[in-house]
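Asker: Spelled out from the first residue to the last, the chains are:
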Amino acid sequence: MTREIGLAAAQKRVSEAREAGTLVRAVRIKNFRGIAEGELDGLTGITVLVGRNNTGKSTVLEALYLAATGCDYDSFGRNPLEYVVKRRGWFGIHSVTWLFFMEEEECSITIVFDTPSERTLSLRRVAIDVSLLSFLERQGLDVAGPIAYITSSTEGNFIRKYGHSFDAKGRYVRVGLAEKGGEPINALLLDWELAASFGHPEGCYSLMMGSGGTAAKELVLAVLGPRYGIKDIEPLMLSEESPELGRVRWALHVIYPNYAIPVYLLGDGLRLTLTYLMLLSTASNALLLLEEPELHQHPGLLELIADAIIRSRAQRGCQVVVSTHNLELIDLLLEKASELGVLDDITVYRLELKEGKLSSVRYSAQEAKELREELRYDLRR
Amino acid sequence: MAIVAILVEGELDHIFYEHYIRRVMGGQRVGHEVLPEPIRELLEEARRVRFDVLKLEDRLLVLVRCGGFEAMRALLGLLLRHRDELVREGLCDVILVSDADKNVRATIEGKVGSILGSCGWQWQDEHAILVEVSGRKLRISGITHGLSGKGRTGQLEDLVELLATKLYPREEHAIRMLEAELGRELNSKQKASIFAALLSKHQSKEELVAGLLRSAKNHHLEQLRDLLRELEEALRP
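Order-wise, the sequence lines are chains A and B. First residue of the first sequence: 1, per my numbering; consecutive thereafter. First residue of the second sequence: 1, per my numbering; consecutive thereafter.
In case anyone wonders, no lab produced these hints; they're calculated from the structure. We put the beta carbon where it would ideally sit given N, CA and C, even for glycine. Be careful, since some hints might not be right.
As the list claims (entries may be wrong) - Within a straight-line C-alpha distance of at most 30 Å, the following computed DSS-like cross-link-like pairs (lysine-lysine) qualify:
id, chain 1, residue 1, chain 2, residue 2
1, B, 137, A, 354
2, B, 137, B, 55
3, B, 137, B, 102
4, B, 150, B, 189
5, A, 357, B, 137
6, B, 217, B, 150
Unchecked claim - Far from chain B by the CB rule (all over 12 Å, computed), these chain A residues:
id, residue
7, 41
8, 83
9, 86
10, 97
11, 127
12, 182
13, 198
14, 206
15, 298
16, 353
17, 361
18, 363
19, 371
20, 377
Claimed, not checked - DEER-style ranges, computed between Cβ atoms:
id, chain 1, residue 1, chain 2, residue 2, range
21, B, 203, A, 328, 20 to 28 Å
22, B, 176, A, 52, 56 to 64 Å
23, A, 228, B, 68, 34 to 42 Å
24, A, 52, B, 203, 14 to 22 Å
25, A, 265, B, 34, 40 to 48 Å
Next comes chain A alone, as it looks inside the complex (with noise of 0.2 Å):
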């Protein structure tokens, strides 16, 4: 009976969420990183991407981050367009160079939104004006070596203009260059380097009720009590003994209904997971890009990060578009879409890139559950 009530709320906060949400229902790219060309269309509230190695998930991904926040901060405080030329390694400024296929000097990429409206981001190398060099040297750039500028301009719905300078040791400095207008989307690009660079679950935990509130920690709860027993999650004072260190020593601890134990103890993929779905939870009402949410995880931990991505969507409102090489997990959200009888908002898109062209064919939730269990069907083919 409660099992039904609690399906019933979910179902009506999925409709709720679909009704309020603004959806990206397109993206297309032009030049940017290995696609030279290429779009989907018919994204659906949560929206998998599937395919081999060097097929453009991770590039799609990252386009829909630039062009939804523009080059404007996300959630988190980063810049975007320095976190993405950044999260496949630095590599002088070729880095800055390897956003654009094969040398080209300009890549556009646009996103279309069911409202209906669109907004499109264009990415320029150009020389840097000479003018700028002593600014940027007062900001900390190594004028004296080479320097990679580039000129984001987003325009539609959205308007932003940005300069971008990276030196060759990827000192960043971005310079506002025009008015700005429209409504930013909130979106977050979410990847496993993330969750580890946190190191203390104790800042992530922070960020998350700072930026998601208790909503954000009802989601972890709803998630990780269930399976775990686990009534809270509060950051306590640690026993008498630290103190003899010199200070108070606070850390978070998980709250079971007897006692209480300190997230540090917990076992490795545990930990992880709780800093992962923390920062998944942040998102509200946000574009929500998760890069191979299944990396590091048990399968019994996976159907949590599943739970989560469903939730996101159900709960929090968000658009979620998440790449993944794991058939457990595609497998888990179709089920869990299932349960809820929301398996119309799962699309599952299994990407080509075959010399700079992307292709995909794109399956319905029904279609993909009908693949899978009729035919045992690989979707990542």
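Assemble the complex: chain A is given as a structure, and chain B must be docked to it using the hints.
Answerer: The following block gives chain B in isolation, referenced to the frame of chain A:
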């Protein structure tokens, strides 16, 4: 080389048609590697599916065991989703073979309609739909096997039992005696199971079918050919 995919439901159908195409139609079994990679990979990634490739004149026939009617429907959907790539590689015909009690025509129409909408396809005749794929045509047809009448099930076992009756009159007589003893007529499925129990080493219908088609005389095969006229017509270029 033109490629024809023949989708059948189960193991029994697979064995029957594999033997039939070789023994009756003169097809030759060839390795999977002769298939273009995209077609081969697509079928291999459907883990529940098994397939054989046969060469018949200037065509490659891919005989696919889907694992049930619903799976056959799902596989048709998969082929349609990947039609551009598959047709480019030579796929020109998809033939769904099912029991006579299934509405294969409605199944094809439903699947094509759900994936292509109302454009880009049309009925060629009462059995086949033509799908337009980048200037080429993909024909999708449905045929049924099985017989109608008393004691018939509308399934492949009707043909199996018919052939077994011709080839093994003693066993057929024993089955008639059993019917008389029981005071009721057995259907073809029950009889095929009894033939299998009496004649095949492991009491399997699949083994029975393979044995029957191996040892059938030409006039038996001609009779079978008359009953499977639809398949030969569907395979005609």
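Asker: Hints first: check each against the structure and report whether it holds.
Answerer: Verification of the hints:
For the hint pairing residue 137(B) with residue 354(A), the CA-to-CA distance comes to about 25 Å; that is within 30 Å, so the pair holds. The hinted pair formed by residue 137(B) and residue 55(B) meets the criterion: a straight-line CA distance of about 21 Å does not exceed 30 Å. Taking the CA atoms of residue 137(B) and residue 102(B), the gap is near 26 Å; set against the 30 Å cutoff, the hint holds. For the proposed pair residue 150(B) and residue 189(B), the alpha carbon gap of about 12 Å is at most 30 Å, so the pair holds.
Between residue 357(A) and residue 137(B) the alpha-carbon distance is near 25 Å, which keeps this suggested pair within the 30 Å criterion. Proposed proximity of residue 217(B) and residue 150(B) is supported: the alpha carbons are some 26 Å apart, at most 30 Å. Its beta-carbon lying about 14 Å from the closest one in chain B, residue 41(A) satisfies the requirement of being farther than 12 Å from that chain. No beta-carbon of chain B comes within 12 Å of the beta-carbon of residue 83(A); the shortest separation is about 35 Å.
No Cβ of chain B approaches the Cβ of residue 86(A) within 12 Å, the least distance being about 36 Å, so the stated non-interface status holds. Every CB of chain B is more than 12 Å from the CB of residue 97(A) (nearest about 33 Å), matching its label as outside the interface. Distance to chain B confirms residue 127(A) as a non-interface residue, since its nearest Cβ pair spans about 43 Å, more than 12 Å. No beta-carbon of chain B comes within 12 Å of the beta-carbon of residue 182(A); the shortest separation is about 35 Å.
Consistency note on residue 198(A): stated as away from chain B, and its beta-carbon is indeed over 12 Å from all of that chain's, at 37 Å minimum. Listed as a non-interface residue, residue 206(A) keeps its Cβ farther than 12 Å from every Cβ of chain B; the least gap is roughly 45 Å. Against the 12 Å criterion, residue 298(A) stays outside the reach of chain B, whose nearest CB is about 23 Å from its own CB. Residue placement check: residue 353(A) keeps its beta carbon more than 12 Å from all beta carbons of chain B (closest about 14 Å).
Some Cβ of chain B comes within 12 Å of the Cβ of residue 361(A); the nearest lies about 5 Å off, and the non-interface call is violated. Consistency note on residue 363(A): stated as away from chain B, yet its beta-carbon is not over 12 Å from all of that chain's, at 7 Å minimum. Residue 371(A), annotated as away from the interface, has a beta carbon of chain B within 12 Å; the closest lies near 6 Å. With a cut of 12 Å on Cβ distances, residue 377(A) falls inside the contact zone with chain B, its closest approach being about 5 Å.
For residue 203(B) paired with residue 328(A), a C-beta distance near 39 Å fails the hint of 20 to 28 Å. With their beta carbons about 60 Å apart, residue 176(B) and residue 52(A) fall inside the hinted range of 56 to 64 Å. A C-beta distance of roughly 39 Å is found between residue 228(A) and residue 68(B), which places it inside the suggested range of 34 to 42 Å. At about 45 Å, the CB distance of residue 52(A) to residue 203(B) disagrees with the hint of 14 to 22 Å.
In this structure, residue 265(A) and residue 34(B) break the distance hint of 40 to 48 Å, their C-beta atoms being roughly 59 Å apart.
Checked against the numbered hints above, the structure violates hints 17, 18, 19, 20, 21, 24, 25; every other hint is satisfied.
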